[in-house]
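For the protein sequence lines, the chains are A and B, in the order given. Going left to right, the first sequence walks through residues 1 to 115 as the working numbering numbers them. Going left to right, the second sequence walks through residues 1 to 110 as the working numbering numbers them.
There may be inaccurate statements among the hints.
[What the hints assert, rightly or not] On the chain A side, residues computed to face chain B include the following (Cβ under 7 Å):
| hint | residue |
| --- | --- |
| 1 | Pro40 |
| 2 | Ser94 |
| 3 | Phe105 |
| 4 | Gly106 |
| 5 | Ser107 |
| 6 | Thr112 |
| 7 | Leu114 |
| 8 | Pro115 |
Hints are computed from structural coordinates only; laboratory data are not their basis. C-beta: ideal position from N, C-alpha, C; glycine also.
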Amino acid sequence: AQSVTQLDSHVSVSEGTPVLLRCNYSSSYSPSLFWYVQHPNKGLQLLLKYTSAATLVKGINGFEAEFKKSETSFHLTKPSAHMSDAAEYFCVVSDRAGSARQLTFGSGTQLTVLP
Amino acid sequence: NAGVTQTPKFQVLKTGQSMTLQCAQDMNHNSMYWYRQDPGMGLRLIYYSASEGTTDKGEVPNGYNVSRLNKREFSLRLESAAPSQTSVYFCASSVSDTQYFGPGTRLTVL
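Isolated chain A (complex conformation) (with noise of 0.2 Å):
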């Protein structure tokens, strides 16, 4: 069984500096892995997804993240946050069960982003 953990379930920071969101995870096969945003009272966005390729992904809007097998975390970043940064961020894993993909969310990170 697959699961995800969001190690903050908030995170404020000053606009201009680095962000950084905690996830880890567990998957019994080769997951994919994902970093979805919402913004208030709207869908979810692809951020960016890591599917065994390389182990540094990067995504839309200046987001990165990395992927380490041997401490099992994906962690989200950002060099420098801007105030449209504000939003949840999700970190899902994906895995093959049955006959469809599923995802696993975990429970979201709040970023707040001070002026």
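On the provided structure of chain A, position chain B as indicated by the hints.
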């Protein structure tokens, strides 16, 4: 391309009423999904359809039914709504292992 669309955006029901949430995608994806989102719990899978003509239960299927009407459309039905079904419902479709989400339906059951 509109991507994944959902109707309605908002709905208020009384306990015991029924309703159907509609979802359509124009990306020619084989697989479609229904999730519910509750505070502090991420998204949980209700039902999914790997291809036209097939449906399977997810993590939280009780109280729901689904219909994969054709390749584009996947509906979610609440036969007798309960307050515990107050939630935000998301539909998604996928190609390979990447899922694309609709904007959601906010449902309140009184």
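Results of checking the hints against the structure:
For proline 40(A), the shortest C-beta to C-beta distance to chain B is roughly 12 Å, which exceeds 7 Å, and the interface hint is violated. Given hint, serine 94(A) at the interface with chain B, holds; its Cβ is 5 Å from that chain's nearest Cβ, closer than 7 Å. Against a cut-off of 7 Å between C-beta atoms, the interface hint on phenylalanine 105(A) holds, since the closest Cβ of chain B lies about 3 Å away. Hint status for glycine 106(A): holds, given a least beta-carbon distance of 6 Å to chain B, under 7 Å.
Against a cut-off of 7 Å between C-beta atoms, the interface hint on serine 107(A) holds, since the closest Cβ of chain B lies about 5 Å away. The interface hint given for threonine 112(A) is broken, as the beta carbon of that residue sits about 16 Å from the closest beta carbon of chain B, more than 7 Å. With a least beta-carbon distance of about 23 Å to chain B, the hint placing leucine 114(A) at the interface is violated under the 7 Å criterion. Annotation: proline 115(A) was flagged as interfacial toward chain B, and the flag is violated, the nearest CB pair being 26 Å apart, outside 7 Å.
Violated hints for the displayed structure, listed by number in ascending order: 1, 6, 7 and 8.
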